[in-house]
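Colleague: Those protein sequence lines, which keep their order, are chains A and B. Residue numbers for the first sequence follow the numbering used here, so the first one is 645 and each next one is one higher. Residue numbers for the second sequence follow the numbering used here, so the first one is 645 and each next one is one higher.
Don't take each hint at face value.
As the list claims (entries may be wrong) - Chain B regions said to be covered by chain A (calculated; three or more residues, Cβ under 8 Å): (1) 693-700; (2) 740-746.
What the hints assert, rightly or not - In silico contact screen, one side only, chain B against chain A (beta carbon under 8 Å); selected entries: (3) V719; (4) G797; (5) S853.
Claimed, not checked - Covered by chain B, according to a simulated footprint, are these stretches of chain A (three or more residues, beta-carbon under 8 Å): (6) 711-722; (7) 780-791; (8) 802-816.
No wet-lab data here; the hints were simulated from the structure. Remember, it's a predicted structure, so these values are computed and weren't measured experimentally. Note that the Cβ used here is the ideal one computed from N, Cα and C, for glycine as well.
There are 2 protein chains.
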Amino acid sequence: MQKLTVIKVGGKIVEDSESLSQLLEDFSKIEGKKLLVHGGGRSATTIAEKLGVKTEMVNGRRITNAEMLDVAMMVYGGLINKNIVAKCQAFGLNAIGLTGADLNIIKAVKRPVKDVDYGYAGDVVSVQAEQLSLLLKHNAVPVVAPLTHNGEGLILNTNADTMAAEISKALASEFVCSLVYCFEKPGVLSDPEDDSSVISRLVYKDFKSYQEDGTINAGMIPKLDNGFDAIRSGVDEVVITNSKALAKLNDLGTRLVLD
Amino acid sequence: MQKLTVIKVGGKIVEDSESLSQLLEDFSKIEGKKLLVHGGGRSATTIAEKLGVKTEMVNGRRITNAEMLDVAMMVYGGLINKNIVAKCQAFGLNAIGLTGADLNIIKAVKRPVKDVDYGYAGDVVSVQAEQLSLLLKHNAVPVVAPLTHNGEGLILNTNADTMAAEISKALASEFVCSLVYCFEKPGVLSDPEDDSSVISRLVYKDFKSYQEDGTINAGMIPKLDNGFDAIRSGVDEVVITNSKALAKLNDLGTRLVLD
């Protein structure tokens with residue numbers, strides 16, 4: 645089987661022109677098939693503010709109301725995605741920008757309202773591996789924005805970490821698949837204050853202990869849940885690292901291990 | 645050869661939810677391969693205003709400064725394009741949203757500065773028929789936004805009429821290609837005040853006479869220039885009509901004829 649590397653990068657990296665160029669240069673040098681999933685970033689908030697769209701938050705999470713969905717479509721699907729695609733092309737990568745609606749690759753359901761109505765937030769239902777696989781076989785490099793659709797004409801705002809995991813799981817039967825989450829830190833840290841304390845192999849039971857004692861918390865928990873879920877579903881390797889480490893992926897970051 | 649219908653629709657039609665749904669329903673019923681090119685529309689101006697981006701005009705034409713390029717990427721490449729793609733999927737069309745940068749399908753050059761600096765406006769240099777053709781053969785329905793790229797990382801704002809003509813020309817050797825320009829009127833009119841005065845066959849020399857005596861003027865001239873250029877370059881049929889006529893394309897509108 646051919647190797648496929650799925651890279652997830654956050655919005656912050658892709659919004660800064662210099663860090664984006666460095667990221668894409670490193671990305672272009674990764675051997676084998678590759679796919680990039682990008683996050684949203686702060687420009688959505690900035691643009692929403694300028695447009696007078698109120699950001700509604702519940703428990704620290706943003707609510708995607710109709711106006712915010714328009715902003716997400718504009719910023720994630722348009723501005724950020726097309727900027728990355730054009731820059732990839734300049735690095736010789738035959739990039740193609742996609743949301744879940746394009747070629748129907750990722751279908752989602754509007755998150756059911758329980759205690760909180762998250763608005764136009766989508767929970768992934770299915771990934772069409774066939775279409776992505778066809779693009780990859782033709783040497784296209786998919787660049788995926790954090791948007792899905794419900795199959796009934798509606799775009800939905802979707803978590804990029806989850807999308808990267810779901811894409812990797814769907815392609816794991818056809819490719820030897822590595823999923824790499826890039827974030828600000830060099831890996832999962834045993835001491836949050838010490839960047840040299842990277843846990844190079846994170847075993848699932850240790851993740852649970854770290855979670856209990858608070859060493860691992862906040863946004864890292866869903867990221868690792870997604871990662872372990874991917875490993876369990878046949879993804880060969882899940883790495884958490886800094887985007888600066890993309891050029892030397894084999895040596896750095898935290899690798900997830902089931903037991 | 646298989647039949648391909650390339651439809652160009654203006655921004656106004658795609659911005660109104662009701663007219664867009666009707667358009668896409670009719671579009672979904674067109675037999676054979678099909679491709680949609682959409683224009684920009686007024687929402688770009690509205691959003692630019694809200695963002696405090698000043699619209700610069702010279703001789704009635706908009707200048708694409710850096711801020712306006714961002715707005716074009718957001719509105720054309722994101723909001724409008726992804727809305728159309730999601731709605732196409734709901735009508736059972738396997739739509740894929742594209743700009744010229746995606747799969748490198750349309751390369752352009754930043755318009756050279758002569759008397760006027762149009763900013764980030766792109767003049768089409770080349771269309772890669774191969775990638776579009778491959779998508780069409782896999783039953784994908786390309787939905788193309790009026791944006792191209794220069795191959796060096798820059799997105800450029802590009803006239804949608806020209807893009808539709810260039811795409812049709814590039815695909816004319818592989819498909820029996822019809823190019824349909826949809827606009828507000830039922831066709832080219834011999835009396836601009838009378839919607840029933842549709843010229844059903846417009847011969848090139850008559851177009852030139854109508855242009856001289858002012859019957860055909862303003863925005864219709866570049867549209868027809870593009871259309872006759874397409875016919876000369878092997879496109880089988882060019883029709884100018886109203887989007888409401890898409891359901892009965894064989895009967896209505898103006899067909900261009902060289903002589």
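Colleague: Could you run down the list of hints and mark each one as holding or not?
Modeller: We went through each hint and held it up to the structure:
1. 693-700: holds (count 3)
2. 740-746: This one holds; 6 residues, not fewer than the three required, reach chain A with a Cβ under 8 Å.
3. V719: holds (6 Å)
4. G797: Status holds, d = 4 Å.
5. S853: violated (43 Å)
6. 711-722: holds (count 7)
7. 780-791: Result for this restraint: holds, n = 3.
8. 802-816: violated (count 0)
Hint compliance for this structure: hints 5, 8 are not met, and every other hint is.
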